[in-house]
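Asks: Quick note, the sequences are listed as chains S and X, same order. Read in numbering that gives the first Met the number 0, the first sequence has 204 at position 205, and its numbers run on one by one without any break. Read in numbering that gives the first Met the number 0, the second sequence has 26 at position 27, and its numbers run on one by one without any break.
Keep in mind the hints are simulated off the structure, nothing from the lab. All values derive from a computational prediction rather than experimental measurement. Some hints here could point you the wrong way.
[What the hints assert, rightly or not] The list that follows gives simulated cross-link-like pairs (lysine-lysine, BS3-like), each with its CA atoms no further than 30 Å apart:
no.: 1; chain 1: X; residue 1: K351; chain 2: S; residue 2: K160
no.: 2; chain 1: S; residue 1: K374; chain 2: S; residue 2: K32
no.: 3; chain 1: X; residue 1: K196; chain 2: X; residue 2: K270
no.: 4; chain 1: X; residue 1: K270; chain 2: S; residue 2: K32
no.: 5; chain 1: S; residue 1: K33; chain 2: S; residue 2: K374
no.: 6; chain 1: X; residue 1: K351; chain 2: X; residue 2: K196
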Amino acid sequence: MTARQTQRALTRGRPLLYAAYRQEQAIWNTTTKKVVTLLLFTIALSLPIFLNRDLMGVASLVVVYAIGGIGLNIISGYAGQISLGHAFFMGMGAYTAAVIGGVSTNLVRGYELDLLIWLPLAGLVPAVIGWLIAPLAARVRGLYLAILTLGILFIGEHVFKEATWMSGGSGIGRAPTTVVLLGFDIFQRRTIVGLDISAIGMFYLFSLLILVVLGILARNLARSRQGRAFAAVRDRDIAAEIMGVPLMQTKRLAFTISSFYAGIAGALLTVVLGFTTPERWNLLLSIDFLAVVLIGGVATISGPIAGAMFVVLLPRLIEWGARELPFISTTVGSNQFLNVFQLQRILFGAMIVLFLVLEPRGLYGIWIRVRNYFKAWPFSY
Amino acid sequence: MRTSSRGWRLAVAALGVAFIAAACGDDTAELGTGVTEEPCENPAGGVSNEANGCIYLGILSDLTVGPFAPLGVEIQRGQQDFWARVNADGGLDGFDIDIDTYTRDTEYNPQNHSQAYRQIEPNIFALAQSLGTPTTEAILPSMDEDDIIAGPAGWWSGFHFADQSKGLIVPSGYSYCLESMIGLDWFQENGPAPIAKVAAVGYPGDYGGDVAAGAELWAEANGVEFGGFLPTGPNALVGTQDEAVRAILNSAANVVVLGVGPAETAEIVGKVAASGAPVGSILFLGAGPTWNPALLGSPAAPALVGLFTHVSPWEDFTGESAGHEAMRAAFGDATPINAGYAAGWVWQYPIKAALEAAADSESMTRATLRSVVDGLTVDYEGIIPQATLGGDPNENVNRTAVIGRPDPESPTGLTTLASAIRGATADAFEYTQACSGA
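Only chain X is shown next, with the shape it has when bound in the complex (with noise of 0.2 Å):
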């Protein structure tokens, strides 16, 4: 009898706990996955605000040995003053921004990448930050499952097309494909010489690839000579950049276009400028993410300063625009050591828009969260006009560039030659597929 009793007990009082369990369960419904009511682990900025709830945002990044780890950690300090930014204002309708409990190092390696993200996914509510296009390409299937959506720090152009990026990616600015575009229109103009004949040096897949298709379609559309795509890889991986020299000045080529990383472009330069090769007879043309100021203290400088011409999508930290004025404000008197930070930053913008847009909707969950990408009106405080994401790509995708050159007396180590400039092939361009990849 006394066991029975005692079952009995037990019984009564597990169910107890299950219906408060269960209850506790209700209350929570609305927050999804990476929401939470309780305050943040480890809050942006360490700025806390009472009664706040907290999101959390995953950052999978290259943060110490991969190509693009010095830019890497640049990118995530831009994230943390942006949220820092947002935390201190009150947060975002009830909730603050915890950025660093789920940032892990995947070195640019899409293996890496893919483990990095199957062990934060169950507790994040979106990605900050996913670095790298075939790194990122690896976790879309994932992603898609997961209803998660990622800021880039990339310029893919199958980002801005939902077949590829199946609406979970939220780009900013052009794409790595335009860019060349705008970066060879800018260069034929105004460049030193005309191109003769155009080649790419890319890393495999969707960056260097986007980058040559890019290369490509401009020379077709201006009957200029393509040299080809000649493929590198990440020192990490193919130990010098030796065979893409050697590439290079087999192919006759004028002017190159780079989609690699900042210590490879150094030194694809500096071994083309001491091939014995005539000085200025073959000129680079650098996407994004080649330029890291710190080569200005490397070797290659010279070579740099003399043959390197950089595009990117945004005026570097120093610009004039609210935004800028804002990271500064953020960062504090020095400048930062490249232009990851800036980057980082503006990256952040359409991640705020969507949680903004979730929080309206007052469902924070991840399927709102992705529901409610298409069609986003996103405002870079001027650091970039106003864009709107999804939609068709042909008219909202941004189409404008700023052309720099290595300055060892500008704090950024680029002297802006122009900004929110546009090109003639890149604005005729039809853009109504992924360049490269698809």
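Same shape as in the complex, but just chain S (with noise of 0.2 Å):
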């Protein structure tokens, strides 16, 4: 008998039992796991078939805003260094693809070039950018992170407003890259195995598959002696250091991978919305992406996942659940108390104040105890 015939033999009836720690730290360690992941995948892959446009839309929306998230949760989720710049990192990886990627106009510069050069120069530009700057980042944490970060958002910003050949200018904007693949554009309406897909069911299709590599990517550095030495930075960073884990190093390390996965995210994000400001880029963008790590789940790669579902979708429901209340105004500029768009916001708010004081684990840490009453059903009290 083999040692993994051995494995099997033990574990078989006893799906928790875990014979060897490859076993344990494996990607999808249980049964359940692999069962789920598949049929949400599955899922997720069908829905250009079910949704309208409009609906595709939000559904890629969902998608960018976990490549993002994920992204945030490198750096603040398992290294614990807070970000607010996640969205000049964006921002940045927007710009270069638009202008990689992007037609020329009378305002704005574009090459035109590939997808195969201007999604990893998406990627890697902001990550470069980062790798500069984290050595400042490195050398503060807490508050003065936060402040720190926020200062760099605020250069770029400016930067952004303007240098107009890259943004269009302030109040004015560019379009973003084409989405073209050695001359395949997948921006296109399509029909595939007889299925008619719309353009952006098929740019949602492929971001699907950039989040299921970037995900798998991430969730295996989390479980790599790198994703350790961040946990341990972030638990304890002096505790860490006395350990052997060079600081200034993981932690740069971490900001340049986050600023990669916000870069492929900004990016991805301008053609989901068609247009880009350069006041897109601010600090309630980033605010949003703290939003989807906290009612997400920290240091997972599922929360931001559930966290950017619940991001996106929540103001679209908001928007049809007003619909059948009689004090809430669907249309603007009426005498009503409340419009359906002042209720996005005040519900929005009120929600990641519910989710820090009730469930700081987030919308993973509800599945977590859901997970667990079930596990222990009868007994669970």
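Join these two chains into a complex; the hints should help.
Replies: Set out below in structure tokens:
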């Protein structure tokens, strides 16, 4: 009997018994996880068949927010370094992509190059910038780090506004990059195995693929020696240093990788939105992503995905729900007490506060509680 | 066996459902996206005619915090009343109009505009309003793909030329560029002093850019020095207009053409008046969207009354035409708080004409709607002369304007000094391409 067969024989019927360290550390360490992941992926893959273009836009936004959320979770969740500069790195990625892959106009520059060139660069350029400014950020922590990254954000916003060849300028903006892979325009309505898929549906599938790849990479990173170093730095940096974890290098790596993810998310985000202005990359966007991480679940991969769904879908759910409430106006400009757009903002703020106070582990925490309840059933008390 | 016969039953049922679905599809084949056989969710004016289907029109406007929000809300109201009147008259060839369900506030932000467009596009037949030039430009490529036509809330010259507007924008009246020329022509003849040097202040992009291009073309044609385009932004973006004021004072221009929002107009005129420059040494000519009667309640009111002249494409609410009478009947006894109401009303005539033309061809699809726009004749019930869309803009564009001056006594805040005027420079201008953004 080989070691693997022994392991299988041992664990059959005992789903939580790990007979090997490798098995415990596997990405999908239980059968349930495997099945659920596969099921969710299948559902996600089939969405373009069922949803209209509008909802596909929302679904694409969820995917892009999830990528950005995972990126922020690497620096803030796993490595414990608060960053308010996420929007800046996203903007950097967006403009890198737009300049390399976008179309030139009389206002902005664009070289219309292939996705194979702009997509990696959309991640690498912010990553290099992140790597360069990380030594500054690595010297401070907590509140000081928040302020420092806020400073980076403001400098970035100013640069974006002034560099009109890149951004189109304040109040004007520019179109995003084209999404052409080796001559194949991804943002184009297509018929695939007899199914009519809209342009945004095609882009959603592409973004989903990127999310899966980047999600698995992030999960692998978290399981690696570096991932454990991140956690050690987060939990107590001095202790980590005493144990031999190079503090600067670890923080720098987290910053760089997080910036890479942010850049990719930024580039994809502009395609989903269809247009981008320099004002977009501001503090509010960074806070959106903090909400994705905090509501979803800190230091997890599935957390930001759930968080992204929550943050993106909440406004839409409120909009639908508000149509049923007579005291809420669904049109702007009427004299009713509240309109749906105001309600969205109020509820969004309230939800963030409630999560921080009542369930700091976010949606992931709620899921763990639900799971444990059923695991222990009928002795769930 | 049991399983297999159940499988068969299921397959047959599925096939049946598919056939029914296909049959339903055939029934509605002539109705494109945004047109339904079912009654409207929110018919304009709350008027739903029995047996009428519904045409859904979208609105992308500035309704809360953007620089044109006070105007945007009134523009929307004007549009609602326009279509309420159509619905009250029995609808449009068997369809009522719904203009509320797909109204979105985009805050004069091109990105929000694009995002909102993508949200409502799958459900609308056309855009009854797309407010702003840079915002509308942001969605033009998508509109082109989706065959969506739009009534612009703005007067960029590019809207008149198919290479810029892609034949999708149905404008009313002149363009900002012609507006500057007509206004300056009038000013040169009737203003308190001859124009020695003219400058333009405006938002970057093709609103301010078009206003400035008109001023520059006028200066060139009349041998007057042009003091340049001094760009500024809405206060929401730049905080204050101090930079613009400084630039105006440094430019040594005695007439400044403005292409900004109302609040920014008041701030610029007020601050220039308070700067210590001799009274009347710098006068202002404001494009259509620069004015809001509420400015007469601001501290800048005396400066505006003394220094500001307004150019608009048509007479405001109190005009004499049949169209004006109709809008007064629709509005009721009061007067709208600004000229947005009349503008919103006027901008709907081309949309209505296009919808009627599409209905006449018995194909209510976006592609048909797009195809009927070129060469379409629009009757404005006398508010402005009848116009032909598309074709040769040099021939078809309306080159008349209305000149007004702030007046606290007038119900609209403006006294009309001259209406339906033409300008020699504007008339002689060869209008063969967009003045800006080409």
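Asks: For each hint, tell me whether it holds in the structure or not.
Replies: Results for each hint:
Only pairs whose Cα atoms come within 30 Å are accepted, and K351 of chain X paired with K160 of chain S is rejected, the gap being roughly 40 Å. For a cut-off of 30 Å, the pair hint linking K374 of chain S to K32 of chain S stands: about 14 Å separates their Cα positions. For the proposed pair K196 of chain X and K270 of chain X, the alpha carbon gap of about 20 Å is at most 30 Å, so the pair holds. A distance of roughly 66 Å separates the Cα atoms of K270 of chain X and K32 of chain S; the hinted pair therefore is violated under the 30 Å criterion.
Our distance criterion of 30 Å between C-alpha atoms is met by K33 of chain S and K374 of chain S, whose separation comes to about 17 Å. Note on K351 of chain X and K196 of chain X: the hinted pairing is violated, with a Cα-Cα distance of about 43 Å set against a maximum of 30 Å.
The structure fails to meet hints 1, 4, 6 from the earlier list, while all remaining hints are met.
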